[in-house]
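Fit chain A to the given chain G structure using the hints.
Here's the letter readout for the chains.
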Amino acid sequence: MYRFMRRFRPRFGPRFRPDEKQTTLAQMRTGQSGVVVQIQGGHGLINRLSALGIRPGQRVTKVSSMFMRGPVTIQLGNAQVAIGFGMAKRIIVELG
Amino acid sequence: MGNPNVGKSVIFSRLTGVQVIASNYPGTTVSYSRGFMKLGEETAEVIDVPGTYTLEPTSEAEEIASQMLDTGDLVINVADATNLERNLYLTLQLLERNIPVIVALNIWDDTEHRGIDIDLDRLREFLGVPVIPTVAVTGQGIKELVENIPKAVSPDTPTRSHDERWAAVGSITDQVQRITHRHHTWLERLGDASVKPLTGGIIALAVLASAFLVIRFIGESLIGYLLDPLFDNLWAPVILRLSDLLGGTGFFHNVLIGKIIGGEVNFVESLGLLTTGLYVPFAMVLPYIVSFYLVLGLLEDIGYLPRLAVLMDTIMHRLGLHGYAIIPTMLGLGCNVPAIMATRILESKRERFIAATLISIAIPCAALQAMIFGLVGQHGGQYVAIVYGTLFIVWVILGIILNRFVKGFSPELLVEIPPYRLPPWRTVLQKLWMRTYGFLREAIPIILAAVLVINILYVFGIFDAIADFTAPVVTGLLGLPKEAVTAIVIGFLRKDVALGMFAPLALSAKQLVVGSVVLAMFFPCIATFVVLLRELGVINMLKAAGIMIVAALLVGGALNLIL
Numbered sequence: 001m002y003r004f005m006r007r008f009r010p011r012f013g014p015r016f017r018p019d020e021k022q023t024t025l026a027q028m029r030t031g032q033s034g035v036v037v038q039i040q041g042g043h044g045l046i047n048r049l050s051a052l053g054i055r056p057g058q059r060v061t062k063v064s065s066m067f068m069r070g071p072v073t074i075q076l077g078n079a080q081v082a083i084g085f086g087m088a089k090r091i092i093v094e095l096g
Numbered sequence: 001m002g003n004p005n006v007g008k009s010v011i012f013s014r015l016t017g018v019q020v021i022a023s024n025y026p027g028t029t030v031s032y033s034r035g036f037m038k039l040g041e042e043t044a045e046v047i048d049v050p051g052t053y054t055l056e057p058t059s060e061a062e063e064i065a066s067q068m069l070d071t072g073d074l075v076i077n078v079a080d081a082t083n084l085e086r087n088l089y090l091t092l093q094l095l096e097r098n099i100p101v102i103v104a105l106n107i108w109d110d111t112e113h114r115g116i117d118i119d120l121d122r123l124r125e126f127l128g129v130p131v132i133p134t135v136a137v138t139g140q141g142i143k144e145l146v147e148n149i150p151k152a153v154s155p156d157t158p159t160r161s162h163d164e165r166w167a168a169v170g171s172i173t174d175q176v177q178r179i180t181h182r183h184h185t186w187l188e189r190l191g192d193a194s195v196k197p198l199t200g201g202i203i204a205l206a207v208l209a210s211a212f213l214v215i216r217f218i219g220e221s222l223i224g225y226l227l228d229p230l231f232d233n234l235w236a237p238v239i240l241r242l243s244d245l246l247g248g249t250g251f252f253h254n255v256l257i258g259k260i261i262g263g264e265v266n267f268v269e270s271l272g273l274l275t276t277g278l279y280v281p282f283a284m285v286l287p288y289i290v291s292f293y294l295v296l297g298l299l300e301d302i303g304y305l306p307r308l309a310v311l312m313d314t315i316m317h318r319l320g321l322h323g324y325a326i327i328p329t330m331l332g333l334g335c336n337v338p339a340i341m342a343t344r345i346l347e348s349k350r351e352r353f354i355a356a357t358l359i360s361i362a363i364p365c366a367a368l369q370a371m372i373f374g375l376v377g378q379h380g381g382q383y384v385a386i387v388y389g390t391l392f393i394v395w396v397i398l399g400i401i402l403n404r405f406v407k408g409f410s411p412e413l414l415v416e417i418p419p420y421r422l423p424p425w426r427t428v429l430q431k432l433w434m435r436t437y438g439f440l441r442e443a444i445p446i447i448l449a450a451v452l453v454i455n456i457l458y459v460f461g462i463f464d465a466i467a468d469f470t471a472p473v474v475t476g477l478l479g480l481p482k483e484a485v486t487a488i489v490i491g492f493l494r495k496d497v498a499l500g501m502f503a504p505l506a507l508s509a510k511q512l513v514v515g516s517v518v519l520a521m522f523f524p525c526i527a528t529f530v531v532l533l534r535e536l537g538v539i540n541m542l543k544a545a546g547i548m549i550v551a552a553l554l555v556g557g558a559l560n561l562i563l
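Protein chains in written order, with our numbering: chain G, 1 to 96; chain A, 1 to 563.
Same shape as in the complex, but just chain G (with noise of 0.2 Å):
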């Protein structure tokens, strides 16, 4: 799982260093709220959040996260999804 997770990791540019309004969902609080700004990932991962409506400029809502590296679960709009921890450390979200 480790070799897997490391071969997605974005291969160029510096890994996510979060500035202080900018973090990712999953270090995000519970009850925060923010923009996304950007999803470190490939094609793939950024159409399937793209077609449950999360994509950069949506505004989304933390609403719980498991311990131990569970799913985290936002609100956009109406809707609710939960998302997998490690889908979660590549949204990149500036709070506010």
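A hint or two may mislead.
What the hints assert, rightly or not - Among chain A residues calculated to face chain G with C-beta under 8 Å, some are:
id: 1; residue: T58
id: 2; residue: H113
id: 3; residue: D117
id: 4; residue: W166
id: 5; residue: V195
id: 6; residue: I223
id: 7; residue: H253
id: 8; residue: D313
id: 9; residue: R318
id: 10; residue: H322
id: 11; residue: G323
id: 12; residue: E412
id: 13; residue: E416
id: 14; residue: I417
id: 15; residue: R421
id: 16; residue: M548
Treat the hints as calculated values from the structure; they're not laboratory data.
Only a predicted model underlies this, so the values are computations on that prediction, with no experimental measurement involved.
For each residue, glycine too, the CB sits at the ideal point set by N, CA and C.
Coordinates of chain A only, in the frame set by chain G:
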């Protein structure tokens, strides 16, 4: 066609009168159903297609959906009015294809209290096709939908790129939809609480425990107060009269009635078509089928199952699956056949193989469970608990082993969580009826056939030959009398009848536990076998079957040693 969980199947039902299973979670429909509707003078074929978010498919069910598009003459695009933006993406994709479209804007009744105001006329203008607001569960708007089908058109829409399409969707929703702020309802609060670690865990335990208690209560009440009295007081005298008429012995007597011991009918042990053949399905299994599917139907329609998937996700990852696999697993507690079909909601081949194998080995169906409660339960609840405990441990350990050794990868959970809805009674009862009727139609012929086969094999002494041949394994390894192998053979037809065959053998409680576990794990019944073969293919089916036989013998042998 439309997004998952927008009510396509309910609309399909309304249009054609064909009953299909509909629930409140994405992925209820995994294959397509066909039906016919009257359209003026003509009859039109209607196809219910699995839900998809996009025409660039990401799972097998979605792939079926986009293939079906090429075979149709007209698309009824069902969209969720409470999630206009995301639903319009698929609508725009459909409009770009060269096929007439009509939009049914479903769940319209929910827009008002969610503070959503949609300008239908402007939406029609933007899309260039008819848009009809509907409430499928109550039937509102269905007539208008049918009347407007002839007006469906394929407007001239430019083919857009991904981003252009989202931009178009955004500008349309901005102009037709107004959202006013509103307070959270208690259902929404409860929904949020069910996916938080602490409250979610408590809610899950409460839901599962009360589900179990309600199922047992309804099942036992039906047996104790309705079906047992019926069989004992009304049917038994009829059987005794018939037995006299047939002379009390002979081949026909044995096949129809079986053995009458001491002038009394033993419905479980007599093994006749009119005694055991009717008693097992109607008085032992049916009550639990009814109570199980009533509770499952409620959980499905409320929308609880996807939340259970979120809670179970971390655990399921250790088994090489993700949380959503809990839904086929729960279905498997009813019947393994729809459960294995439902593994189509999982994305990768690896997950589907693991899920299907685990379900067919470690998840006993309602019919088998009813018999376990009926027979093993007589010796005390702790023995039933051992059977369930063993199967659960097998489920976990086998999952961990498969996760290590099966090649391929398992993707992560990504699923929409539907809002909690108060279950519409009509659909709950309709679904209960469909599933109960399905059990009666499919199980009873096989149960009767199984009883008949048992009698014929006895007459020709074939069972004795098999029993002698397998005695080393059955007696030596599992500690069961050699005749017990007959039950394992019949288990290939129906596991409920098979477990019933242990009854005349006067097994000890320990032997019954070993027998029940081996029977549950050993080999799928014929219906499950066929669906495994179809869903997995020959090679993977053989692999799964091999795993089952080895695991059943290992676990059975181990139980024999430990207990």
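Original post:
Does R421/A pass the interface check with chain G, least Cβ-Cβ distance below 8 Å?
Top reply: Constraint on R421/A not satisfied, violated at 13 Å.
Subject >> Residue hint R318/A, partner chain G, criterion CB-CB below 8 Å >> reply: violated, 10 Å
Original post:
Does E412/A pass the interface check with chain G, least Cβ-Cβ distance below 8 Å?
Top reply: Cβ of E412/A sits 3 Å from chain G, so the hint holds.
Subject >> Residue hint V195/A, partner chain G, criterion CB-CB below 8 Å >> reply: holds, 5 Å
Original post:
Against chain G, with CB atoms and a cut of 8 Å, does the hint on D313/A hold up?
Top reply: holds, 5 Å
**OP:** Identify whether the interface hint at D117/A stands, where standing means a beta carbon of chain G within less than 8 Å of its own.
**Re:** violated, 13 Å
Original post:
Hey, does the H322/A contact hint survive, CB to chain G under 8 Å?
Top reply: Holds, about 7 Å.
Subject >> Interface hint compliance - H253/A to chain G, C-beta minimum distance less than 8 Å >> reply: Since the shortest Cβ distance to chain G is 60 Å, the answer is violated.
Subject >> Restraint check, 8 Å cut-off on beta carbons, for G323/A near chain G >> reply: holds, 7 Å
Original post:
Taking the closest Cβ pair, is E416/A under 8 Å from chain G?
Top reply: With a closest approach of 5 Å, the E416/A hint holds.
Subject >> Restraint satisfaction for M548/A [CB to CB of chain G, less than 8 Å] >> reply: violated, 26 Å
Original post:
Given W166/A was flagged as interface, is its beta-carbon under 8 Å from a beta-carbon of chain G?
Top reply: Holds. Min distance 7 Å.
Hints 2, 3, 6, 7, 9, 15 and 16 from the earlier list are contradicted by this structure; the remaining hints agree with it.
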